[in-house]
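Chains A and B supply the protein sequences, listed in that same order. The end of the first sequence is residue 383 by our numbering, with every number in the run present. The end of the second sequence is residue 766 by our numbering, with every number in the run present.
Since the hints were derived computationally from the structure, they do not count as laboratory data. Glycine included, C-beta positions come from ideal geometry on N, C-alpha and C. Just so you know, not all the hints are guaranteed correct.
[What the hints assert, rightly or not] Some residues of chain A that are not near chain B, with every Cβ distance over 12 Å (derived):
(1) 62
(2) 72
(3) 112
(4) 145
(5) 197
(6) 244
(7) 267
(8) 278
(9) 326
[Unchecked claim] A few chain B residues facing chain A, derived, Cβ under 8 Å:
(10) 437
(11) 438
(12) 470
(13) 501
(14) 502
(15) 503
(16) 504
(17) 684
(18) 689
(19) 696
Listed below are the residues making up each chain.
2 protein chains.
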Amino acid sequence: MNTGVASHGLQLRSLIRGNGELELSLVTLDTPQPQPDEVVVRVEATPINPSDLGLLFGAADMSTATESGTAARPIVTARVPEGRLRSMAGRLDQPLPVGNEGAGTVVAAGSSVAAQALLGRTVALFGGAMYSQYRCIKAGQCLVLPEGTAPADGASCFVNPLTALGMVETMRREGHTALVHTAAASNLGQMLNRICIDEAIGLVNVVRTQEQQDLLSAMGARHVCSTGSPTFMQDLTEAIAATGATLAFDAIGGGPLAGQILTCMEAVLTRSASEYSRYGSATHKQVYIYGALDLAPTVLTRNFGFAWGVGGWLLWPFLQKIGPAAAQKLRQRIVAELKTTFASRYTKVISLAEALKLDEIAVYGKRATGAKYLIDPNKGLTT
Amino acid sequence: MNTGVASHGLQLRSLIRGNGELELSLVTLDTPQPQPDEVVVRVEATPINPSDLGLLFGAADMSTATESGTAARPIVTARVPEGRLRSMAGRLDQPLPVGNEGAGTVVAAGSSVAAQALLGRTVALFGGAMYSQYRCIKAGQCLVLPEGTAPADGASCFVNPLTALGMVETMRREGHTALVHTAAASNLGQMLNRICIDEAIGLVNVVRTQEQQDLLSAMGARHVCSTGSPTFMQDLTEAIAATGATLAFDAIGGGPLAGQILTCMEAVLTRSASEYSRYGSATHKQVYIYGALDLAPTVLTRNFGFAWGVGGWLLWPFLQKIGPAAAQKLRQRIVAELKTTFASRYTKVISLAEALKLDEIAVYGKRATGAKYLIDPNKGLTT
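Assemble the whole structure, with the sequences as input and the hints as a guide.
Written out as structure tokens, the structure reads:
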């Protein structure tokens, strides 16, 4: 039983060839017949997250991008610099679908009761290949949204909300009581700010500009420090002292920032030390790097003793660690607070073809807070 | 009851003044009367470990060092560069005793049975202020050495042996099966090499020169890679592939080495991957920085996915974590294998006054493998 599902649909693909050429294009796929436990979702809203850009562009230098093809079927090509091609070895010559998450309408369902129950419902999805008109997926992977929820409101149900909640959960599980967050004016940062205000958790928001500082302050953030300020290190130290943060989540990754956070934490911890220890404070200070907004090397000036750690943090291993029951509780909270705590703002809604326009890529591809795009893969294509 | 204990003795002190001047000197102290549970040890052998240099020189630039005073009471002064003085805030204007560990003869004992039982015995000590002719210490902190052990053979019973054993224990507790060690030709590295050969643990030794490579190979090391070789990265990758190491202990700290180890580990882990993941391998890779032979910043070129950690590692928090029973087992093993697994070699034995000679400082202060000094604080002073 199918409701308004076309026999075929477009999907965005990213291909890096062995010769170092990136090619982004749209392909036409037959819409799959769902298996008994599957549904077909007409994807109507799917965000472009920083985590999607990594797969979309790979290691390509997008300043070399050129556009060809037609308006309906654009093709973008760009060069992967020689030195970075090796890091792409695992994906060479495979046209990869893109798009971690999205939302849309269930337009076809397999024969199982669970699948049939979803027919016509608006659902949120996670699992890749969301930059597609139609996405076939297991019914159990769909998060059913309350009646009347617009797909755009449910498009970012997973990556940002679960990451924000995961940070707070990690803080508690690892024995910290407050935290620092960088790139804090992002959609994710705003969610984290709302969670921390709600739960009275000390949060130090690190941003890059006065404008972002003002935005977060207007949203009730108590501690906002800008790396653009000449007093950044003092401001960060005082905010850490006020909150007692010994944990940070850093979306930037490159440059001195992760180390600066540790330096300020250590300065606060040794302020109150009664006796000199050349090994520094005994309190463990941790920075988790969960993004790569700056691809430059991480530079740690180790003036923060020996009780420290810097490491990668990813949402999915974290969810595996806490187990399905705990993860389900987080998802229920997200659905309940979709229009408040977990609301996302988008600068623009574009079609799949528009996503392959160089002038749009120049905006959504720059990994900067404040230009968040939503793709509607069916924009202008279905009714 | 005292046996051959003088009423006073020399102690080496390190002082950094608020004006940025480091002063190293010898002071005369009255030999303390031991409390009931204490003993007085005539220290006869105490090593200069890299961990002692940190306290001895602080942040001073030893290329600015000058010598004054007399041959018996030399004074060394040097400048702490302005930018590094802040990191010394906790120790300014306090003359600090130095020397983490040592061995000697119990020459006086308090009234308790435990203290009296040690009289005349050769014991190994840990606890600071070992660059002293006489060290008063709790009887329970003494590690009694087998009859006939020379103090020089027991001088390094704690820092290096416990660190080497702590690395292997950490490897097991954190679920790794093999490890990488840098500065691997050091006394500590040689101990670790012997432990790993004994226990058939895969060990990748990273050294800086062909000479050190030859030394370790002659000692039975199977995997030795030199950072001085043009094929270092390939050599390290192959050694990691052969051993399956996903853990490293790094004594260098500064520069690209910690990150290079993670890069090579990730290259091995993704070799066998059947599917491309832009987040890298899911296997956690860990580098613990336990020294600072290079004070330059740690530079991490993050081409190793998100399942990684870099952090500080210190022996004492580790021992606290494993608890006194487990720590005691490690100490027993060290005493039993003092002349084999845990044997140390020293380049030279010097007196306290000689430790304050610029030409000796130039050798033992350079934080390089192959010039290990032992101080005999009673050299030429007692019979």
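Hints versus structure:
1. 62: 16 Å, holds
2. 72: Consistent with the label, residue 72 of chain A stays out of reach of chain B, its closest Cβ about 28 Å off (over 12 Å).
3. 112: Non-interface label on residue 112 of chain A holds, nearest chain B Cβ at 27 Å vs cutoff 12 Å.
4. 145: For residue 145 of chain A, whose nearest Cβ neighbour in chain B is about 27 Å away, the distance exceeds 12 Å, so it holds.
5. 197: Holds, since 28 Å exceeds 12 Å.
6. 244: 20 Å, holds
7. 267: 9 Å, violated
8. 278: 5 Å, violated
9. 326: Correct as stated: the minimum Cβ-Cβ distance to chain B is 20 Å, above 12 Å.
10. 437: At 5 Å from the nearest chain A Cβ, residue 437 of chain B passes the 8 Å test, so the hint holds.
11. 438: Since chain A brings a Cβ to about 5 Å from residue 438 of chain B, closer than 8 Å, the hint holds.
12. 470: Residue 470 of chain B check passes; min Cβ-Cβ to chain A is 5 Å, inside 8 Å.
13. 501: 28 Å, violated
14. 502: 32 Å, violated
15. 503: For residue 503 of chain B, the interface hint is violated, since the closest Cβ of chain A sits about 34 Å away, which is over 8 Å.
16. 504: With a closest approach of 31 Å, the residue 504 of chain B hint is violated.
17. 684: Hint holds; residue 684 of chain B Cβ to chain A Cβ min 5 Å, cut 8 Å.
18. 689: 3 Å, holds
19. 696: Because about 7 Å separates residue 696 of chain B from the closest Cβ in chain A, which is inside the 8 Å limit, the hint holds.
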